[in-house]
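A.B. asks: So you can see what is in the structure, the chains are spelled out below.
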Amino acid sequence: MGQSVNSKSVSMTMIPAGDRSLTIRLIGRLDAFSTGSIWREAVDGVKARGWEDVVVEADGLDYIDGTGIGLLVQLRTIQTERGNRIDIKGLRPEFKRLLDMFDPSFFTNIPPENTEKKRFLEKIGYASAELFSDMKSLVSFVGEIFSALSFALKKPSQVRWKDVYLVSEKAGIDALPIIILIGFLMGLIMSFQSALTLERFGAELFVANLLGLSMFRELGPLMTSILFASRSGSAFAAEIGTMKVNDELKAISTMGINPVSFLAVPRVIAALSMTPLLTLFFIFSSLIGGAVVMLSMGYPLTAYISRVFSSLNISDFLGGMLKAVIFSIFVAGIACHRGLMTGTGASAVGESTTSAVVSGIILIAVVDGVFAVIYYCLGI
Amino acid sequence: MKEKEPIISVRNLTCAYGENVIVDDITFDVMPGEIFVIMGGSGCGKSTVLNHMIGLDIPGSGEILIDGLNIVSAQGETRLKILSKIGVMYQMGALFGSMTLLENVRLPMEEFTDLPLEAMDFIAGMKLALVGLRSYSGLMPSEISGGMKKRAAIARAMALDPGILFLDEPSAGLDPVTTAEIDEVIKGLSEDLGVTFVIVSHELSSIFNIADRVIMLDKRLKKIVAEGDPRELREHSDDPIVREFLQRKAWNKESI
Ligand SMILES: Nc1ncnc2c1ncn2[C@@H]1O[C@H](COP(=O)(O)OP(=O)(O)O)[C@@H](O)[C@H]1O
Ligand SMILES: [Mg+2]
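Those protein sequences? They're chains A and B, same order as listed. Residue numbers for the first sequence follow this note's numbering, so the first one is 34 and each next one is one higher. Residue numbers for the second sequence follow this note's numbering, so the first one is 724 and each next one is one higher.
What the hints contain is simulated information worked out from the structure, not anything from laboratory work. Remember, predicted model here, so these are calculated numbers, not experimental data. For each residue, glycine too, the CB sits at the ideal point set by N, CA and C. Treat each hint with caution, since some may be false.
Said to hold, decoys possible - Sample of chain A residues with no beta-carbon within 10 Å of chain B, all distances over it, derived:
hint, residue
1, 66
2, 72
3, 73
4, 127
5, 173
6, 181
7, 238
8, 268
9, 276
10, 351
11, 362
12, 377
13, 394
14, 407
As the list claims (entries may be wrong) - Simulated crosslink set (DSS-like; lysine-lysine; CA at most 25 Å straight-line):
hint, chain 1, residue 1, chain 2, residue 2
15, B, 808, B, 872
16, A, 195, A, 283
17, B, 804, B, 727
18, A, 129, B, 808
19, B, 910, A, 129
20, B, 910, B, 727
21, A, 156, A, 80
22, B, 910, B, 946
23, A, 283, B, 872
Could you build all of it, start to finish, from the sequences and the hints given here?
C.D. replies: Put into structure tokens, the structure is as follows:
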């Protein structure tokens, strides 16, 4: 006798007769939960040799379902592909009919899966092409934003001021606690660390100059914009992305409304009016942090304040504020762009939110570099 | 068919969300192999009854026997055993968006059987073939149409060859041609595999096309107001509201 496999509720016996033919006897229930236990053995047993004849005795089966039929179809496919015979005996007529539905032609021309893996170089090529088209769409979007903004300037009544107000409140006023907290901590840490070093030269008081200059010119706008990108840019992208997924954007478009002026313009206006204010709050909280360090080192407050402002002039202040405004336009713009570009499916909103924050921060860094060059040339 | 034991038996079922009673003390049976349709106007509680029958919601009172086992009180192993007997297609298909159609259909097999991977792929391909989507198995759900999504969802519900399929509004939001395609799939599965169907629908052309038996729920009475063969009910129901519900749209259809 051949080997036999027993399992939950089906048993299979394979009986070879000479070199040419094989009999497979099935007994019990062949269903989704039991077929797994004999699939390998059955398929390997039939494949093992080019049996000219395979006989499946199915009259011992009490029950067979689609999965069991699947096994029989698989065995039949193996045999017919090799030009050999298979005879399935004793199957009840209703199951026989099911088996016949899957005649071999069903499986001959299976289309190739379109999820084939791309090669490494191919991937790099696709990625750069994607990056390039992404840049193009971004540039055209910036153009669209600016034209929509200038249109809004000409016709302020067309702007959805209620949305501007709501977004300003959510992205501006509600962001104050974190802006103040981070600003204070940065001022505190920076002046403490630099005071430790400068103390060796007896120059602790210059901490005030350092803090004032770096905060107003560089760190204030930079940190505020980064916080703005992660706190509000992500929210913009998620809000607009969810609308896209819910087909609300389609509804807006079919009403004849331009999604850019409807959704992006109010957010950009809110951003560019709120970020300078947030930047000021950030800078002043950092100065308070610095003051705490200086006071604890025994310097009077007046000395600290006069030091902070002695090395600053109005162009430092205005230059910083201009940076904040420009950063905010880019951050809010790209967040809205990412939201509008959201794909379909459950993960799409998450992807565009992540992408909004990441691209926002990268853009800030790039634009900051451009500013550094321009300010250097202008001698600011 | 009446001489057989019912495969699903709903006894004195009351469904309520909080204080809000949706259906009140309804009783009905589903026979093995039949296509059973729950119909009625929007908001009358069709989906609610379906959600209770598949164990998603817990009824205020009553019992729901599936193949003799009460899904209301079933826990652990018993519950899994009942769930292995049923497959569900949700209203929007609810395919997993990050997986191809084939992977969607394969998932229940990966979770509940010890079939080798190539066997799962082979069988999943057969299931997709049954609903006419064999050549789309490598596509993502976002790449196919609404009707195809529903057919793929039926294939996924069939993955473990359950004896009973529950379909919530298989034809909602589809054009008449696609609706007819889905109806053909349902009829095919019913004839070829002997699957029992419990279908929520208010699409009359489809009901007359496929249903062996219907019950009609009423929003105001919170009861079953009609039960039987839809074609007979249309002509001979005692209740004029039922006759009108079944005739009005049929008449509209002929006049188009
Ligand atoms: N999860 C739920 N919580 C509270 N009320 C619900 C819930 N689901 C449905 N309902 C209410 O039950 C009623 C019936 O809804 P439903 O069963 O979806 O109707 P339909 O017959 O259109 O499928 C509706 O009035 C609906 O507001
Ligand atoms: Mg419903």
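A.B. asks: State for each hint whether it applies.
C.D. replies: Hint check:
1. 66: Answer for residue 66/A: violated, closest chain B Cβ roughly 6 Å.
2. 72: violated (5 Å)
3. 73: It is violated; residue 73/A is separated from chain B by about 6 Å at its closest Cβ, not greater than 10 Å.
4. 127: Label violated. Min Cβ-Cβ 7 Å, cutoff 10 Å.
5. 173: Per Cβ check, residue 173/A is outside 10 Å of chain B; nearest 25 Å; holds.
6. 181: At about 30 Å from chain B, residue 181/A clears the 10 Å cut-off, so the statement holds.
7. 238: Holds: least Cβ distance 59 Å, greater than 10 Å.
8. 268: Holds, since 23 Å exceeds 10 Å.
9. 276: About 17 Å separates residue 276/A from the closest Cβ of chain B, which puts it past 10 Å; holds.
10. 351: With a cut-off of 10 Å, residue 351/A remains clear of chain B, as the shortest Cβ separation is near 49 Å.
11. 362: holds (32 Å)
12. 377: violated (4 Å)
13. 394: holds (26 Å)
14. 407: holds (44 Å)
15. 808/B with 872/B: holds (23 Å)
16. 195/A with 283/A: OK: residue 195/A and residue 283/A at ~22 Å, within 25 Å.
17. 804/B with 727/B: Given that 25 Å is the threshold and the Cα spacing comes to 22 Å, the pair holds.
18. 129/A with 808/B: holds (23 Å)
19. 910/B with 129/A: OK: residue 910/B and residue 129/A at ~18 Å, within 25 Å.
20. 910/B with 727/B: holds (21 Å)
21. 156/A with 80/A: Violated, because 38 Å separates the two Cα atoms, which is more than 25 Å.
22. 910/B with 946/B: violated (28 Å)
23. 283/A with 872/B: The given pair, whose Cα atoms are some 21 Å apart, holds under the 25 Å limit.
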